[in-house]
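**Q** Could you put together the complete structure from these sequences and hints?
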Amino acid sequence: MAWLLCAAFLEINRLKKILFVWCVLHLLASSAWADSKEYVLSNGLKLIVQEDHRAPVVVSQVWYRAGSLDEVNGKTGVAHVLEHMMFKGTNKVPAGQFSRLVAAAGGRENAFTSQDYTTYFQQLEKSQLPLSFRLEADRMANLNFSDEEFAKEIKVVMEERRWRTEDKPQSKVREQFHITAYQAHPYGRPIVGWMNDLENMTAADAREWYKNWYAPNNATVVVVGDVQADEVYKLAQQYFGPLKPHVLPARKPQQEPTQIGERRITVKAQAKLPYMMMGFHVPPILSDSPQEDAYALEILAAVLSGNASARLNQHLVREKQIAIDADAGFDMLQRGKQSLFVLDGTPSEGKTVAELEQAIWQELESIQQSGITEEELLRVKAQVIAADVYQRDSMFYQAMQIGTLETIGYSHKMLKDYPARLGAVTAQQVQAVAQKYLRKDNMTVAVLDPQPITDTKPKGKPHVH
Amino acid sequence: MFTKLFSWVSKTLSLLCFGIIASMLATTAQAGVKIQQWKTAQGAQVLFVENHDLPILDISTGFHAGSARDADNKTGVAGLTRFMMTLGAGGLSDEQIAKKMADIGATLGGGVNADQSSFTLRTLSNQRERSLALDIYRKILQQPDFPAAVLSREKARVIAGIQESMTQPESISNKAFYAGLYGNHPYGKDEDGDLESVKSIQANDLKQFYQQYYGAKSAVIAMIGDISRSEAEQIADSLAAGLPQAEAPAALPKVSYPTAPIEKRIPHPATQAHILLGYPGIKRGDEDYFPLYVGNYILGGGGFVSRLTEEVREKRGLVYSVYSYFMPLAELGPFQVGLQTKKEQANEALTLVRATLQAFIDNGPNEAELKAAKQNITGGFPLRLDSNSKILEYLALIGFYQLPLSYLDDFNQRVNQVTTAQIKQAFQRRIQPANMVTVVVGAESP
Chain A
1 MAWLLCAAFL EINRLKKILF VWCVLHLLAS SAWADSKEYV LSNGLKLIVQ EDHRAPVVVS
61 QVWYRAGSLD EVNGKTGVAH VLEHMMFKGT NKVPAGQFSR LVAAAGGREN AFTSQDYTTY
121 FQQLEKSQLP LSFRLEADRM ANLNFSDEEF AKEIKVVMEE RRWRTEDKPQ SKVREQFHIT
181 AYQAHPYGRP IVGWMNDLEN MTAADAREWY KNWYAPNNAT VVVVGDVQAD EVYKLAQQYF
241 GPLKPHVLPA RKPQQEPTQI GERRITVKAQ AKLPYMMMGF HVPPILSDSP QEDAYALEIL
301 AAVLSGNASA RLNQHLVREK QIAIDADAGF DMLQRGKQSL FVLDGTPSEG KTVAELEQAI
361 WQELESIQQS GITEEELLRV KAQVIAADVY QRDSMFYQAM QIGTLETIGY SHKMLKDYPA
421 RLGAVTAQQV QAVAQKYLRK DNMTVAVLDP QPITDTKPKG KPHVH
Chain B
466 MFTKLFSWVS KTLSLLCFGI IASMLATTAQ AGVKIQQWKT AQGAQVLFVE NHDLPILDIS
526 TGFHAGSARD ADNKTGVAGL TRFMMTLGAG GLSDEQIAKK MADIGATLGG GVNADQSSFT
586 LRTLSNQRER SLALDIYRKI LQQPDFPAAV LSREKARVIA GIQESMTQPE SISNKAFYAG
646 LYGNHPYGKD EDGDLESVKS IQANDLKQFY QQYYGAKSAV IAMIGDISRS EAEQIADSLA
706 AGLPQAEAPA ALPKVSYPTA PIEKRIPHPA TQAHILLGYP GIKRGDEDYF PLYVGNYILG
766 GGGFVSRLTE EVREKRGLVY SVYSYFMPLA ELGPFQVGLQ TKKEQANEAL TLVRATLQAF
826 IDNGPNEAEL KAAKQNITGG FPLRLDSNSK ILEYLALIGF YQLPLSYLDD FNQRVNQVTT
886 AQIKQAFQRR IQPANMVTVV VGAESP
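Sequences listed follow chains A and B, in order.
Its first residue numbered 1, the first sequence is counted upward by one per residue in the numbering used here.
Its first residue numbered 466, the second sequence is counted upward by one per residue in the numbering used here.
Note that these hints are calculated values from the structure, not bench results.
Heads up, a few of these hints could be off.
Said to hold, decoys possible - Part of the chain B face toward chain A, derived, beta carbon under 7 Å:
#, residue
1, 518
2, 556
3, 567
4, 737
5, 782
6, 854
Claimed, not checked - List time: in silico DSS-like cross-link candidates among lysine-lysine, alpha-carbon distance up to 27 Å:
#, chain 1, residue 1, chain 2, residue 2
7, B, 836, A, 75
8, A, 37, A, 244
9, A, 92, B, 836
Said to hold, decoys possible - Between beta-carbon pairs, the in silico distance windows are:
#, chain 1, residue 1, chain 2, residue 2, range
10, B, 709, A, 373, 48 to 54 Å
11, B, 499, A, 127, 19 to 25 Å
12, B, 695, A, 373, 48 to 54 Å
13, B, 734, A, 440, 58 to 64 Å
14, B, 672, A, 183, 52 to 58 Å
15, B, 722, A, 127, 53 to 59 Å
16, A, 183, B, 897, 55 to 61 Å
17, A, 238, B, 867, 47 to 53 Å
Glycine is no exception: its CB is placed at the ideal position from the N, C-alpha and C atoms.
**A** As structure tokens, this is what we get:
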């Protein structure tokens with residue numbers, strides 16, 4: 001905590017309005033946090049420990065640099081399927097036992113898969129950290145699930161796809177939006193995979209994925225909690241140290257060809273309200289473009305919809321009442337050197353998606369032509385400062401930040417620089433990125449065309465008995 | 466970056482989780498949290514934990530002003546009252562409130578359920594931010610303006626939301642479940658309100674509701690953070706002082722148990738059927754709370770290790786998510802079992818869920834299951850209190866439902882005292898599978 005505040009102090013000095021806040025925070029910065037410590041084992045496994053002594057608990061996460069970004073056509077969804085299979089047994093810990101052991105230790109656990117990574121975590125009372133390391137090290141090297149377990153679990157994943165995507169109109173629009181915006185880059189494909197690929201996936205596909213990507217030299221372990229960093233390092237050496245690294249498959253640079261004209265699609269689904277998404281290719285923090293662009297886009301997204309008083313809400317929802325809701329978002333942390341600046345919304349009763357799109361364009365053009373105000377810039381920066389403090393209330397969140405940054409290929413030390421880098425963004429830079437990237441030739445628009453529910457005629461009468 | 470990032474991430478569903486864990490009953494706390502409790506001169510109850518680890522202050526103020534207080538022909542008033550209070554107060558417009566809060570990095574939250582409405586505030590704790598944030602928060606609680614133009618705008622948004630929800634299987638099943646379980650009891654009222662009712666709501670309805678249900682005597686002010694006891698007293702006094710002069714609302718009517726089974730089948734073209742089963746469950750402070758809580762962990766609350774997950778997901782791959790929970794309220798809150806599955810196998814899954822539930826009620830858990838449940842619940846206790854925001858929720862809960870202050874300290878001991886016989890008896894006493902409410906959206910009867 002202390003380092004984070006100090007690091008940004010000079011930048012914040014320029015923001016007179018909030019200088020006072022900053023000084024007070026600086027003084028109050030608790031000694032509950034030490035600096036995070038980073039270690040690398042001889043097999044290549046990276047360990048980052050953030051001590052936080054506010055409560056006698058620990059969060060332990062294992063991050064693999066393998067996500068849907070690394071999949072190939074015909075096997076989409078395999079990263080996520082393997083995530084499910086990681087609970088299905090090793091020689092020492094048979095199927096189903098992993099979760100029982102964690103539960104018996106009072107733990108909570110889960111796992112998640114993104115485009116860029118697959119992560120497994122446990123939250124435990126602090127003395128139980130060795131259990132987490134023992135189980136995670138075991139399944140990092142010794143996963144051994146049966147074909148029968150695979151056959152059951154792939155059905156679970158198909159149910160998950162139905163639940164997340166098939167039956168949710170806006171999720172379907174998002175899926176189609178991404179595959180339209182990305183025509184070559186793997187970010188176009190759904191993380192959960194196409195249903196056809198899931199139906200044809202085999203246990204061997206999942207095992208191949210595991211063999212390729214699950215290795216200590218492709219993993220980062222993040223621990224946040226009431227622990228001593230050097231003790232955690234010793235534990236990591238004990239449990240993860242003996243694992244053998246192996247050569248990872250080559251990662252081909254996959255570039256999205258420059259978009260040369262706007263793209264539009266329509267998705268029909270049963271719903272009442274229309275919905276629209278529009279997106280522009282923009283650089284994340286790690287790309288061939290200057291990093292300043294990503295920071296300026298971050299501010300731009302916040303000015304458009306970072307809080308209840310931001311432009312889209314204020315102008316489109318409150319004043320013009322053309323939208324029920326409207327948002328902007330941008331993910332600067334992407335491993336695949338690609339990101340999208342996305343705006344989405346639902347038009348009000350009697351308004352069309354075309355009218356909403358036009359209204360959003362008026363907002364974008366206004367920034368392109370006239371820029372943003374100093375007041376808006378200060379407001380966003382004040383929120384960044386507060387958010388930096390607030391997020392310290394969640395150990396899990398701190399671990400998420402560290403793990404995400406490390407896995408996309410950046411250093412978690414970016415956390416230290418982030419407020420200062422954002423603080424350095426000027427109104428002119430925000431206007432410049434709006435002009436540079438928010439162009440129609442670089443735009444993809446997807447709209448939901450709501451269909452009436454035709455299947456309401458009861459084939460058997462609804463009955464009460 | 467991260468605040469935005471993760472809200473965006475969840476919105477775009479770019480993270481897929483291994484599973485969903487329903488833990489609606491997970492509510493309690495621990496030794497080590499020193500709760501101070503007092504009443505303001507106006508009768509508002511205050512619960513406070515002094516904690517200087519972080520330079521932040523969290524406040525939650527709750528009122529007995531949930532959707533169960535809505536008049537039959539004015540459903541939706543409770544929810545709109547709460548929301549509209551934050552959109553114009555003490556002469557400040559919604560835009561001014563939003564800007565002033567954003568300028569100091571403070572955040573407002575809250576919501577409405579059947580029992581209560583709540584307003585949360587998180588602010589940096591230093592004098593300037595804190596006092597600016599509290600000025601606005603106080604105006605919201607004490608001087609709501611309910612401007613007509615804003616109301617008409619927000620009504621249109623609520624109406625659109627209701628219309629959309631009427632097409633989506635998850636919300637269709639929820640509405641049908643509550644209507645079936647509670648009938649005319651106030652807990653059967655939809656928190657969003659009914660379409661025709663919301664259309665008819667006027668500013669006067671909200672003003673009356675506010676005057677009737679937002680009195681200091683029924684207010685519960687929970688605070689945790691970087692302030693002293695005397696500062697907390699001043700804040701509580703200033704929040705309570707300007708609230709309406711209203712008596713504490715009367716208790717809600719008792720919930721009556723169904724005397725016959727109800728099964729609703731609602732057609733829907735979705736690929737999955739949404740299935741909900743339930744029965745009136747327990748109250749906050751209920752004498753059967755601990756046996757039912759521990760028992761439900763074994764039945765369907767314990768994440769990946771519950772009986773329902775084992776039978777329906779692990780053994781047969783029929784679902785991504787199946788769960789059960791008790792949601793204790795002031796009166797009998799619902800006991801609910803839920804799942805979604807490909808519609809072609811909906812009846813198979815439903816039969817299996819019913820059989821699993823019946824076996825659990827008939828025979829109770831075994832000793833090994835009980836031991837594992839106690840290990841998880843008591844061993845994981847520190848995780849319930851590892852952040853200010855979690856502790857705040859417990860303070861608000863203890864205050865609102867007048868649970869003993871020792872509730873947190875006693876929790877593990879109460880869990881450890883539960884026996885397999887108590888679980889079996891409590892389930893047999895409280896849940897009658899023969900008279901349950903069943904809702905299936907998207908699949909016909911076999």
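**Q** Look at each hint and say if it fits the structure.
**A** Quick rundown of the hints versus the structure:
no. : hint                         : in the structure
1   : 518                          : holds (5 Å)
2   : 556                          : violated (17 Å)
3   : 567                          : holds (4 Å)
4   : 737                          : holds (5 Å)
5   : 782                          : holds (3 Å)
6   : 854                          : holds (6 Å)
7   : 836(B) to 75(A)              : violated (42 Å)
8   : 37(A) to 244(A)              : holds (24 Å)
9   : 92(A) to 836(B)              : holds (23 Å)
10  : 709(B) to 373(A): 48 to 54 Å : violated (39 Å)
11  : 499(B) to 127(A): 19 to 25 Å : holds (23 Å)
12  : 695(B) to 373(A): 48 to 54 Å : violated (40 Å)
13  : 734(B) to 440(A): 58 to 64 Å : violated (36 Å)
14  : 672(B) to 183(A): 52 to 58 Å : holds (56 Å)
15  : 722(B) to 127(A): 53 to 59 Å : violated (45 Å)
16  : 183(A) to 897(B): 55 to 61 Å : holds (58 Å)
17  : 238(A) to 867(B): 47 to 53 Å : holds (49 Å)
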